[in-house]
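**Q** These are the residues of each chain, in order.
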Amino acid sequence: MIDLRSVSRIYRRGADEVHALERVSLHIPAARFVALMGPSGSGKSTLLNILAGLDRPSDGEVVVAGQRLNDLDEDELAAFRARHVGFVFQFFNLIPVLSALENVELPLLLTHLGKAERRERAATALRIVGLAERAGHSPGQLSGGEQQRVAIARALVSDPEIIVADEPTGDLDAKNAEDTLALLRTLKQEFGKTVVMVTHDPRAEKYVDLVHHLDKGVLFETREGGAAAAGGQP
Amino acid sequence: MIRFLPLIWRNLGRNKVRSSLTGAAIALAIALVCVLRTMPAGLDNFLSTLAKNTRISVHNEAGIVYPLPYSYLQKVRSVPGVVEATTWTWFGGAFEEEKGVTFPNFAVDAETIGAVYEDLGIAPEQLETFRRQRDATLVGRLTLQKYGWKIGDRITLKSTVFPVDLELQIVGEIPAAVDPRAWLQREYLSQALEAQGVSFDLVNMIWARVDDADRVNEVMRTIDELFRNSEAETASETEKSFFGNLFGNLQGFVTVILMVTGMVTLCIVFIAANTASMSIRERVGEIAVMKALGFRWRALFGMLVLEAALLATLAGAAGTVITLGLAQALKSVAGFSPQLGPLASFVVTNAMLVEGLFLACFIGIVSGLVPAFGASRRSVAATLREIF
Chain A
1 MIDLRSVSRI YRRGADEVHA LERVSLHIPA ARFVALMGPS GSGKSTLLNI LAGLDRPSDG
61 EVVVAGQRLN DLDEDELAAF RARHVGFVFQ FFNLIPVLSA LENVELPLLL THLGKAERRE
121 RAATALRIVG LAERAGHSPG QLSGGEQQRV AIARALVSDP EIIVADEPTG DLDAKNAEDT
181 LALLRTLKQE FGKTVVMVTH DPRAEKYVDL VHHLDKGVLF ETREGGAAAA GGQP
Chain Y
1001 MIRFLPLIWR NLGRNKVRSS LTGAAIALAI ALVCVLRTMP AGLDNFLSTL AKNTRISVHN
1061 EAGIVYPLPY SYLQKVRSVP GVVEATTWTW FGGAFEEEKG VTFPNFAVDA ETIGAVYEDL
1121 GIAPEQLETF RRQRDATLVG RLTLQKYGWK IGDRITLKST VFPVDLELQI VGEIPAAVDP
1181 RAWLQREYLS QALEAQGVSF DLVNMIWARV DDADRVNEVM RTIDELFRNS EAETASETEK
1241 SFFGNLFGNL QGFVTVILMV TGMVTLCIVF IAANTASMSI RERVGEIAVM KALGFRWRAL
1301 FGMLVLEAAL LATLAGAAGT VITLGLAQAL KSVAGFSPQL GPLASFVVTN AMLVEGLFLA
1361 CFIGIVSGLV PAFGASRRSV AATLREIF
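So the protein sequences, as listed, match chains A and Y. Following this note's numbering from start to finish, the first sequence increments by one per residue and tops out at 234. Following this note's numbering from start to finish, the second sequence increments by one per residue and tops out at 1388.
Quick caveat, the hints were computed from the structure, so don't treat them as lab data. Don't take every hint at face value.
[To be verified] Pair ranges (Cβ atoms, derived):
1) Y/1017 <-> A/224: 26 to 36 Å
2) Y/1010 <-> A/144: 19 to 29 Å
3) A/182 <-> Y/1010: 26 to 36 Å
4) A/215 <-> Y/1024: 32 to 42 Å
5) A/41 <-> Y/1017: 32 to 42 Å
6) Y/1278 <-> A/223: 42 to 52 Å
7) A/141 <-> Y/1018: 17 to 27 Å
[Claimed, not checked] For the chain A half of the interface with chain Y, some residues (derived, Cβ under 10 Å), not all of them:
8) 45
9) 52
10) 54
11) 59
12) 68
13) 71
14) 79
15) 86
16) 89
17) 91
18) 93
19) 96
20) 110
21) 191
22) 220
On a predicted model such as this, the values are computed, not experimentally measured, just so you know. The C-beta atom is built at its ideal place from N, Cα and C for all residues, glycine as well.
In isolation and in its complexed conformation, chain A is listed as follows (with noise of 0.2 Å):
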């Protein structure tokens, strides 16, 4: 499903240049949850960048869901995440101006699909992570695991293979972080997704199936998670 090889990327601060990832390969095969561990600065977030085709790597080779990433132009690239790629961020990041089901539309409004089917898949999906009954209020109207939530649905809507969580339990109590890790365990299980997700949280250890640990730009180790260990269940 995806496939990094010798990837490095390097960004130009001023007159230094930065290398966040030094010739990084990996292989995650489909419908699996893994998690990218390691430090601050330690090109997690950048590797997930790259794989979700936000971000183009300096060298190496990208290919994910059967296409080779470093060959698409920013159209291709945008029409390739919408695609195939469903995110959901630390801070939510719902428009603030648009209800729970309108969040939720939102990556609908890219497709051919007419009002009425966009409405109704909205809602199944807000049906999924269990807030049907929040789908008309406003982002400032839920708690934060609430909106996590939504913005959950908001990656699963438009059925992409593979959804990419950047700290999502970050900014989480840690009921609603435990509910969140269960809910992206959902999907892989459920619903045969692949879930790539940047995390500091150790509770996310037993959720996932596969950690890859990182540290100053460098893949250093990769071990089951505990969900493997136990046979599939957390």
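Fit chain Y to the supplied structure of chain A, relying on the hints for placement.
**A** Only chain Y this time, still in chain A's reference frame:
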């Protein structure tokens, strides 16, 4: 883009105070521009509606303040090609003495004025009453509206030229919307002056109507030739040329007005651009998220520009409504201004309002272009790194 309209609309309401204040600034600017535009348009309209190329003015070659002998009238009438001729003499009557002359008024020949000005659309029965009734006056619609006068009202004008006050009865209307002038009988003025022992045998100018536009130049040459080497040589010109020259000094005003209009537009572009960039800067995170979700930069660029254009166009619509009210108020306060002439007619046309709307839309588009381009082209990864 249509499916994004609800989102664009919601974004307009995101910061209601800021949107309202920007909208108010644009609305007032559009109203100001439209009202200013009525001024040069008033001059053009005056010349095109009231001035004809088949009517010629015969005045003293030295200038219109120098009179001509009244006896010239008969000679002008006898020139081949002249259908009819009449005289104008500046009465300079003030209705409210302390305000001076607030509308132009002339003593004219009641017998012939109708034939020379047949195109003005004055009702025949009103012209007939004017001809028969010695103290009659015909008043332009602009002045009737300004003072709230109606036919049958009696008014007194105190002349600033002659030592007489004349009591007059309004018997009819000069119906053009931009016409401020009033006519009274020359005979009435003559009798009033004779009663005070003042002889009255001069005119300021003679107006003649020519039967054929192709003969106008020939008729003007003939008239001027007729009075060559006389005590008062004449200079003839068409009515359009006469008023064009008369109001020529207003062209400077017009230039200033156009410059002010341009500056106001530029100012409001900067204000609107500042608002657009503030509004967009607050949303760079959201815009980055939308790009991450798969929105292409052109779609985001279009949405942001459309948002600025929509706000400006709605404000422009409000501005056109303000224009109508403001022009009406100015018209009732100012009416004819001796200093501004037809510039102060404040007649708003549909074309001006449509232009105002387009200008508002243009302001919105221009103000949104730069911030929208910057935000929509920004790298998603870089933005997410900076913001989150």
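**Q** Each hint: holds or not?
**A** The hints, checked one at a time:
For the pair residue 1017 of chain Y and residue 224 of chain A, the beta carbons lie near 55 Å from each other, so the given range of 26 to 36 Å is not met. The hinted range of 19 to 29 Å is satisfied by residue 1010 of chain Y and residue 144 of chain A, whose Cβ atoms lie roughly 22 Å apart. A hinted range of 26 to 36 Å for the beta carbons of residue 182 of chain A and residue 1010 of chain Y is consistent with their spacing of about 32 Å. Separated by about 56 Å at the C-beta atoms, residue 215 of chain A and residue 1024 of chain Y break the suggested range of 32 to 42 Å.
At about 41 Å, the beta-carbon gap between residue 41 of chain A and residue 1017 of chain Y stays in the expected band of 32 to 42 Å. The hint said 42 to 52 Å for the Cβ distance between residue 1278 of chain Y and residue 223 of chain A, and at roughly 48 Å that hint holds. Evaluation of the 17 to 27 Å hint for residue 141 of chain A and residue 1018 of chain Y yields a pass: the beta carbon distance comes to about 23 Å. For residue 45 of chain A, the interface hint holds, the least distance from its beta-carbon to any beta-carbon of chain Y being 7 Å, beneath 10 Å.
For residue 52 of chain A, the interface hint holds, the least distance from its beta-carbon to any beta-carbon of chain Y being 8 Å, beneath 10 Å. Hint status for residue 54 of chain A: holds, given a least beta-carbon distance of 5 Å to chain Y, under 10 Å. The restraint placing residue 59 of chain A at the interface with chain Y is violated, with a minimum CB-CB distance near 16 Å, outside the 10 Å limit. With its C-beta approaching chain Y no nearer than about 19 Å, residue 68 of chain A sits outside the 10 Å limit, and its interface hint is violated.
Taken as an interface hint, residue 71 of chain A does not check out: its beta carbon lies about 18 Å from the nearest beta carbon of chain Y, beyond 10 Å. Annotation: interface hint on residue 79 of chain A holds; nearest CB of chain Y at approximately 7 Å, less than 10 Å. Taking 10 Å as the C-beta contact cut-off toward chain Y, the hint placing residue 86 of chain A at the interface holds, the least distance being around 8 Å. Evaluation of the residue 89 of chain A hint against chain Y yields a held restraint, the C-beta minimum of about 6 Å falling below 10 Å.
The interface hint given for residue 91 of chain A holds, since its Cβ lies 6 Å from the closest Cβ of chain Y, which is under the 10 Å cut-off. Contact between residue 93 of chain A and chain Y, as hinted, is supported at the beta carbon level, the nearest pair being about 4 Å apart and thus within 10 Å. This hint holds: residue 96 of chain A has a C-beta 7 Å from the nearest C-beta of chain Y, less than the 10 Å allowed. Restraint check, residue 110 of chain A versus chain Y: the minimum CB separation of about 5 Å is within 10 Å; hint holds.
Hint status for residue 191 of chain A relative to chain Y: violated, with the closest Cβ pair at about 19 Å, above 10 Å. Checking residue 220 of chain A against chain Y by beta carbon gives a least distance of about 23 Å; that is not within 10 Å, so the hint is violated.
Violated hints, in rising order: 1, 4, 11, 12, 13, 21, 22; the structure is consistent with all others.
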